[in-house]
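Student: For reference, the chains in residue letters:
There are 2 protein chains.
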Amino acid sequence: MSLERLVVVGGVAAGLSAASRARRVNPHLEIWVYEKGPDISYSACGFPHLISGQVKEADALRVYSPEFFRTERNIQVFTQYEVTEVLVSHRRINVVKVRGGAPQEVHFDRLILATGGEPDVPSLTGLDLRGVFSVNDFQSTLGLKHYLESERPSRASVVGGGYIGLEMADALAARGLKVTVLERSTALCETTEAEIVGLIELELAEHGVHLVKNATVAGLAGDKQGRIQSVCSDQGETETDCVILATGVRPRVKLAIDAGLRIGPTGAMAVNEFMETSEASVFAAGDCVETTHLVSGRPAYLPRGTTANKQGRVAGENAAGRRARFPGAVGTAACKVFSLEVARTGLSSQEAQEVGFQACAATIKAPSHARYLGGKDVLVKLVADHLSGRLLGAQMVGSEGVAKRIDIFATALQARMTVEQLAQLDLSYAPPFSTTWDPILIAAQEMLRELRR
Amino acid sequence: MSLERLVVVGGVAAGLSAASRARRVNPHLEIWVYEKGPDISYSACGFPHLISGQVKEADALRVYSPEFFRTERNIQVFTQYEVTEVLVSHRRINVVKVRGGAPQEVHFDRLILATGGEPDVPSLTGLDLRGVFSVNDFQSTLGLKHYLESERPSRASVVGGGYIGLEMADALAARGLKVTVLERSTALCETTEAEIVGLIELELAEHGVHLVKNATVAGLAGDKQGRIQSVCSDQGETETDCVILATGVRPRVKLAIDAGLRIGPTGAMAVNEFMETSEASVFAAGDCVETTHLVSGRPAYLPRGTTANKQGRVAGENAAGRRARFPGAVGTAACKVFSLEVARTGLSSQEAQEVGFQACAATIKAPSHARYLGGKDVLVKLVADHLSGRLLGAQMVGSEGVAKRIDIFATALQARMTVEQLAQLDLSYAPPFSTTWDPILIAAQEMLRELRR
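From first to last, the protein sequence lines are chains A and B. For the first sequence, this note's numbering begins at 22 and goes up steadily by one. For the second sequence, this note's numbering begins at 22 and goes up steadily by one.
Hint data in this document are derived by calculation from the structure and do not stem from the laboratory. Check each hint, because a few of them may be wrong.
Note: identical chains are not told apart, hence a pair may lie in one copy or across any two.
[Said to hold, decoys possible] Lysine to any residue pairs mimicking SDA-like chemistry, simulated, CA-CA at most 20 angstroms apart:
(1) LYS77 - TYR393
(2) LYS118 - SER175
(3) LYS397 - GLU421
(4) LYS166 - LEU232
(5) LYS386 - GLN125
(6) LYS199 - LYS234
(7) LYS386 - GLY122
All values reported here derive from a predicted model rather than from experimental measurement.
Bound conformation, chain A alone (with noise of 0.2 angstroms):
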């Protein structure tokens, strides 16, 4: 009798999460795994400090191997092997070798798609100009880290202002290039609050970053040689020896189209709590799926890490026979800019207005830790829903204590705190790492006035 057989498509993030959980939940699938590019597994999070040169190797990036997989965890792993077709009723995708060879036929009993997020470019004239990058993979992050080191560039131009483009501008600064940031919009990170775009502004002004705001990219200008010389965008030309894109990911999900899969309202594919496609045997997990956001209840597009391992790991589970769950994410989010560290979680103010909730806000700062031990002040700014009284999000920025501090808010959302509720939190206190009264109280205290108003 044959095994059955489980078909992942996708092997960076979900997919190999997927597939790992699969093989320890039952040791006899035939487990087969495809990825188009030529790497998997690897720390995409992790290329600004690839570009910054602070990771010397581009091999610390990178996780497991195929082999490992195929000798550890008894997965097959097929790099460069795009699938081009899912037949779902005759469970049977059309898989193709990336460099040349015959399109093949396989078969699976259960498919899981981990296709990901592919960078959301404009369609722009120039796109093909040598020093034009969008580090999205391993490939064209490789790309840039070669044309840096043989070419020097020594101006860059980061289309996009939000944190991987904030990351980039950081990293190509620490290497010691003159960089411009051009944003679309009035603000840095969308959804980010007002008072702490400021700050990041500052920030960047400070480490001799040029910020463009308002700058609709129109198109890319070269050289003779077919070399990056300048961005067009309605705010003028910016002169540039190289264009990092960082304009967002959208799902990739051409091929669940064409599979007659559920799209869903974000534009990537419906998935239930069991990581199950509107077809039966046929899972999603990662960049490619929507997920609930846990504070508004809606669909939502959370192209993260994170949330993809763990939708990842549900589906591989799910695909393999149990009933596991993911309810959904509260949209999480850290990154560090120069000495910032910048960090948020669930709804925005205008985000949770628009959702129907009846929104208000406080801002505070305070000391990250004790003063008299050289600590300094972050901000923080909440949002609650005067109604119920319940947290709704939290931003925060300051030049430490942030990033894992705004976890202390995402649990309190995924617990569905009310703000009274956080203010009674029993947080640890010691001189070196906070106050009597850390932030995230006097924080609480300030929306509780701020509600009784």
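Dock chain B against chain A, hints included.
Tutor: Frame of chain A, contents of chain B only:
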């Protein structure tokens, strides 16, 4: 018509939080605070940093002066006034000036007892020798500081290996003293898990601190000039030039007992969630009261500045006519011992068993942030209830990312989360701060596996 008068006994943490809160709630109250000692409103947790020399000026640990309370908050603070008796039925206290003067009778309408804790020093010979210090209040700490600067001792013995004893050992070693810690029991830090105690012991040894366990101190011996010479324990004699008594704190409840107020099973004053004592109009808060442990549901003695301040606010708010609640605490604490961060929250496995839970535990080690950016391992031990799957406690140790991460567990405990819910938390990730799977999630997964066994 005369104003209503609120009298507060004790002016360090809880007492001043209470007075300040009462003032904010009720601008018309007359508020009088009596403090036996000469100092008010200081950071006792900063004492080790004053002793180490990291904090240069003692005044850096003072927060507010009596003048501040008088002019800014219209609160009268009387220092060096001892309240000798509380006559509840007469709504009266007897007060005497510490440095002499006739006793006074003072009427109150509402009373808040915030008498704090006192050093739980065993009755030993030689406690009055020169060079013996308890470091529980500002004066005793200043005494030690002065002694260190004027007598320049080269050896110190710390009696008691809890958090404060360890912080003092660290501080004295930082000043260049040769330090011995004498611990009564078989292990440091009572109720700390063995794996964590083991790492603390290694850390002490690496920094040249000599640890003597199972050492019940029998007495202190001095020279002919009345200066400390050695500590005598059942483990032998330890020659020393100074002794720090860090044997813990007990509630200061004599006044309450004499007044007929109810004392709870822990030996501290019994209060309800409104911080009311057994007598109407008499409230109590801080290190003199017991607290509901929100995991065990039982009364616990948790003398901490954080809890004291929260209780003080509630006592003050209610004494001023409102109806606020203090639900309890989960026993969160953190300390720094040389390069280690040590933290705990909730119940240890032994405590959980004693309370009647089907306690089981799981321990993991995982990097606090990306290894390719220098992340070092933290150790996490979780305790959960086998029957309900509920998280009961967490302890952590590591060189970074411990003290504020414990708060995520504290929040989960306060929300009564199961380990399954804990494993679903949407925690922040960026390589400088975490790994894709935060140590908290890795610990939760290991705990889940243990629970399913």
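Student: Are the hints correct? Go through all of them and say.
Tutor: Now for the hints, and whether the structure bears them out:
1. Taking the shortest Cα distances, LYS77 and TYR393 sit within 20 angstroms of each other only across copies (9 angstroms), while inside one copy they are farther apart (37 angstroms).
2. Taking CA atoms no more than 20 angstroms apart as the test, LYS118 paired with SER175 passes in neither setting, with 39 angstroms inside one copy and 74 angstroms between copies.
3. For a Cα distance limit of 20 angstroms, the shortest separation of LYS397 from GLU421 qualifies both inside one copy, at 8 angstroms, and across copies, at 18 angstroms.
4. Taking the closest pair of Cα atoms, LYS166 and LEU232 never come within 20 angstroms of each other, the shortest separation being 23 angstroms inside a single copy and 52 angstroms across copies.
5. Proximity of LYS386 and GLN125 under a CA criterion of 20 angstroms is satisfied in neither setting, with 60 angstroms inside one chain copy and 44 angstroms between copies.
6. In this homomeric assembly, LYS199 and LYS234 come within 20 angstroms of each other (Cα to Cα) only inside a single copy, at 17 angstroms, whereas the closest approach across copies is 60 angstroms.
7. With identical chains, the CA atoms of LYS386 and GLY122 are never at most 20 angstroms apart, being 61 angstroms at best within one copy and 45 angstroms at best between copies.
In this structure, the earlier hints numbered 2, 4, 5 and 7 are contradicted, and the remaining ones agree with it.
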